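A.B. asks: This is what each chain is made of:
Number of protein chains: 2
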Amino acid sequence: MPRVVVDVMLKPEILDPQGSAILGALPRLGFDGVRSVRQGKHFELEVDEPVDEARLRELADTLLANSVIEEFTLQVMPL
Amino acid sequence: MPRVVVDVMLKPEILDPQGSAILGALPRLGFDGVRSVRQGKHFELEVDEPVDEARLRELADTLLANSVIEEFTLQVMPL
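Chains A and B supply the protein sequences, listed in that same order.
Using the working numbering, you'd call the opening residue of the first sequence number 15 and step up by one each time.
Using the working numbering, you'd call the opening residue of the second sequence number 15 and step up by one each time.
It should be emphasised that the hints constitute simulated quantities derived from the structure, not laboratory data.
Being a predicted model, the structure only gives us computed values, none of them experimental.
Where hints are given, some of them may not hold.
Identical chains share a label here; the pair holds if one copy fits it or two copies do between them.
Derived lysine to any residue pairs resembling SDA-like cross-links, with alpha carbons at most 25 Å apart [claimed, not checked]:
id : residue 1 : residue 2
1  : K25       : K55
2  : K25       : I83
3  : K25       : S81
4  : K25       : G47
5  : K25       : D62
6  : K25       : E58
7  : K25       : A74
8  : K25       : L78
The following block holds chain A by itself, in its conformation from the complex (with noise of 0.2 Å):
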């Protein structure tokens, strides 16, 4: 069965608290040399063939991303 990936990403503009978050607690854990941290969703579907791409940009924007604040970006994984 096909399977859908779609990546939600608060836009760049956005302040990222929880990656913000992460950030910060890296150094003091002993993790050096990150310089930033975004958090987001990650979707996976399964979908029935054929597969409409289009139509699942469509949900995806809907119902999976906010799209005042977020973008995403989807991909169909080859079977």
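Starting from the known structure of chain A, arrange chain B on it as the hints suggest.
C.D. replies: Positioned in the frame of chain A, the structure of chain B alone reads:
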């Protein structure tokens, strides 16, 4: 600057109520043909060179994923 992407998902045997809620909402909202939805977390890190992948895996395992219930994939993106 090298970019590292970490995707954290619940292990397949762990129930995913967020994914189930989305899956349940889809037909009501007019989206058919989706058989399964699982939701996880997506992290994008910018790190200094040289990239120490083993150390980054330790970071992901310790800080980004809860290894009791989650698993992660880590990808160092080409520059």
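A.B. asks: Look at each hint and say if it fits the structure.
C.D. replies: Each hint, compared with the structure:
Taking CA atoms no more than 25 Å apart as the test, K25 paired with K55 passes in both settings, with 13 Å inside one copy and 16 Å between copies. In this homomeric assembly, K25 and I83 come within 25 Å of each other (Cα to Cα) only inside a single copy, at 6 Å, whereas the closest approach across copies is 29 Å. Only within a single protomer do K25 and S81 lie at most 25 Å apart by alpha-carbon distance; the minimum there is 9 Å, versus 29 Å between protomers. Taking identical chains as interchangeable, the C-alpha atoms of K25 and G47 lie at most 25 Å apart only when both belong to the same chain, with a minimum of 24 Å there against 29 Å between chains.
Taking the shortest Cα distances, K25 and D62 sit within 25 Å of each other only across copies (23 Å), while inside one copy they are farther apart (30 Å). For the identical chains of this complex, K25 and E58 are neighbours both inside a copy (21 Å) and across copies (13 Å), given an alpha-carbon limit of 25 Å. Taking the shortest alpha-carbon separations for K25 and A74, both the intra-copy value of 15 Å and the inter-copy value of 23 Å come in at or below 25 Å. Taking the shortest alpha-carbon separations for K25 and L78, both the intra-copy value of 14 Å and the inter-copy value of 21 Å come in at or below 25 Å.
Comparing the model with each earlier hint shows no violations; every hint is respected.
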